[in-house]
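Okay, here's what each chain looks like letter by letter:
Number of protein chains: 2
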Amino acid sequence: MNQQYSSALLERAVDEFSKLPGVGRKTAMRLVLHMLRLDVGKIDAFTDAVSMLCHEVHYCSVCHNISDEDVCQICANPMRDASTICVVENVQDVMAIEQTMQYRGLYHVLGGVISPMDGVGPGELEIDSLVDRVAQGGVEEVIFALSSTMEGDSTNFYISRKLKDYPEVKLTMLARGMSINDELQYTDEVTLGRSLVNRVPFTGK
Amino acid sequence: MNQQYSSALLERAVDEFSKLPGVGRKTAMRLVLHMLRLDVGKIDAFTDAVSMLCHEVHYCSVCHNISDEDVCQICANPMRDASTICVVENVQDVMAIEQTMQYRGLYHVLGGVISPMDGVGPGELEIDSLVDRVAQGGVEEVIFALSSTMEGDSTNFYISRKLKDYPEVKLTMLARGMSINDELQYTDEVTLGRSLVNRVPFTGK
Chain A
884 MNQQYSSALL
894 ERAVDEFSKL
904 PGVGRKTAMR
914 LVLHMLRLDV
924 GKIDAFTDAV
934 SMLCHEVHYC
944 SVCHNISDED
954 VCQICANPMR
964 DASTICVVEN
974 VQDVMAIEQT
984 MQYRGLYHVL
994 GGVISPMDGV
1004 GPGELEIDSL
1014 VDRVAQGGVE
1024 EVIFALSSTM
1034 EGDSTNFYIS
1044 RKLKDYPEVK
1054 LTMLARGMSI
1064 NDELQYTDEV
1074 TLGRSLVNRV
1084 PFTGK
Chain B
884 MNQQYSSALL
894 ERAVDEFSKL
904 PGVGRKTAMR
914 LVLHMLRLDV
924 GKIDAFTDAV
934 SMLCHEVHYC
944 SVCHNISDED
954 VCQICANPMR
964 DASTICVVEN
974 VQDVMAIEQT
984 MQYRGLYHVL
994 GGVISPMDGV
1004 GPGELEIDSL
1014 VDRVAQGGVE
1024 EVIFALSSTM
1034 EGDSTNFYIS
1044 RKLKDYPEVK
1054 LTMLARGMSI
1064 NDELQYTDEV
1074 TLGRSLVNRV
1084 PFTGK
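Line by line, the protein sequences give chains A and B.
The first sequence runs 884 to 1088 under this note's numbering.
The second sequence runs 884 to 1088 under this note's numbering.
Hints are not guaranteed to be accurate.
Quick list of the computed label-pair ranges, beta carbon to beta carbon [said to hold, decoys possible]:
no.	chain 1	residue 1	chain 2	residue 2	range
1	B	Val954	A	Asp931	50 to 60 Å
2	B	Pro999	A	Thr1070	48 to 58 Å
3	B	Pro999	A	Asp931	52 to 62 Å
4	B	Val940	A	Ser1037	48 to 58 Å
5	A	Thr1070	B	Asn1064	16 to 26 Å
6	B	Thr983	A	Ser1037	49 to 59 Å
7	B	Thr1055	A	Ser901	29 to 39 Å
8	A	Tyr1069	B	Leu1075	15 to 25 Å
9	B	Met984	A	Thr1070	46 to 56 Å
10	A	Thr1032	B	Pro904	32 to 42 Å
11	A	Ser901	B	Glu981	35 to 45 Å
12	B	Met984	A	Tyr1041	40 to 50 Å
13	B	Thr1055	A	Asp931	45 to 55 Å
14	A	Asp1001	B	Gly1002	45 to 55 Å
Pairs of lysine-lysine, BS3-like flavour, derived with a Cα cap of 30 Å [as the list claims (entries may be wrong)]:
no.	chain 1	residue 1	chain 2	residue 2
15	B	Lys925	A	Lys909
16	A	Lys902	B	Lys902
17	B	Lys909	B	Lys925
18	B	Lys902	A	Lys925
19	A	Lys902	B	Lys925
20	B	Lys909	A	Lys902
21	A	Lys909	A	Lys925
22	A	Lys925	A	Lys902
23	A	Lys909	B	Lys909
24	A	Lys925	B	Lys1047
25	B	Lys909	A	Lys925
26	A	Lys909	B	Lys1045
27	B	Lys902	B	Lys925
In short, the hints are calculated from the structure, not lab data.
Every residue, glycine too, gets a C-beta built ideally from N, C-alpha and C.
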């Protein structure tokens, strides 16, 4: 046991908390001492929630979004437009798009982007299952909503090649340009340059 | 269930994490999604450590420091100087002093300072048990190592009054003044003023 800790139990809990991303030993200690002041019932609720999530979580068999059932509630919802699939990297991206309230179609969670530097090839991602979904028919549009990075762009390109046998399916990507409410002088030069090259007709909006 | 979450289990885990101090919902989500990527064994180690700590932790019956046994290893260590008691607010303060490696005596953890504004009176703190320890004899010095705030100073004063029947016990407090390596021009005026008033003989150190 480290000299600094007067309790092995305390040290173990601090060790565990400090393994979390962005949590150092000082923060871990603060969190642990906070928990020590709570009722035992609240602690049990915490550990139970973490344990339940990690033991019982499902991923949707259609779109691979996190879910409590075999098919997530977005895929199972008959009100959603099943002819549109939005391709995203991860679960947070689904939430971010849902929060905009601008999208009524379905999703496909790849689980990342192709990144040879990080050892992520197409085989690690849910690309084949996306092609299968398109092959089953009924899909009119696939929206690429990946990060606007080199890896995101490569992944878009790779998937578009995989879908070349389905020319009837429209492939689109998220608009890129200045952020809403951004001041022009503070927009980075690459974004500004692209916004200029890819300028769109003025519609009065 | 909140529209944003596709899984009630996920939402519950995020809820629990966001109850921790300094953890908002975005950070909670990041932590939870990190945990989801871990092996089940690592999750069990985490929940087990938290659960064990909160169910089985002891506080030392002598000094009230956190401990695995009824008497903590500092109080139980015959190599420590039992004639000196350092009075601190909380468990972190014990660790901070232990890390200096400058102290070989025992501790007494008050559990806070007297603060009428926060509803903390002397009765909520381990002051009577400190007086009992002194009354049992063998104590030569009590060091006040509380925060240098109004509340800390009031608590020092309150305890010193409680110990007035033991004039043979020396009462001392931590030195206050400029921090080591502080530049004079950046030292706050109250600290600088006090350092000047309470100047000490130059010893060449």
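Could you tell me which of the numbered hints above are not met by this structure, giving the numbers in increasing order?
Hints 1, 3, 5, 8, 11, 12, 24, 26 not satisfied by this model.
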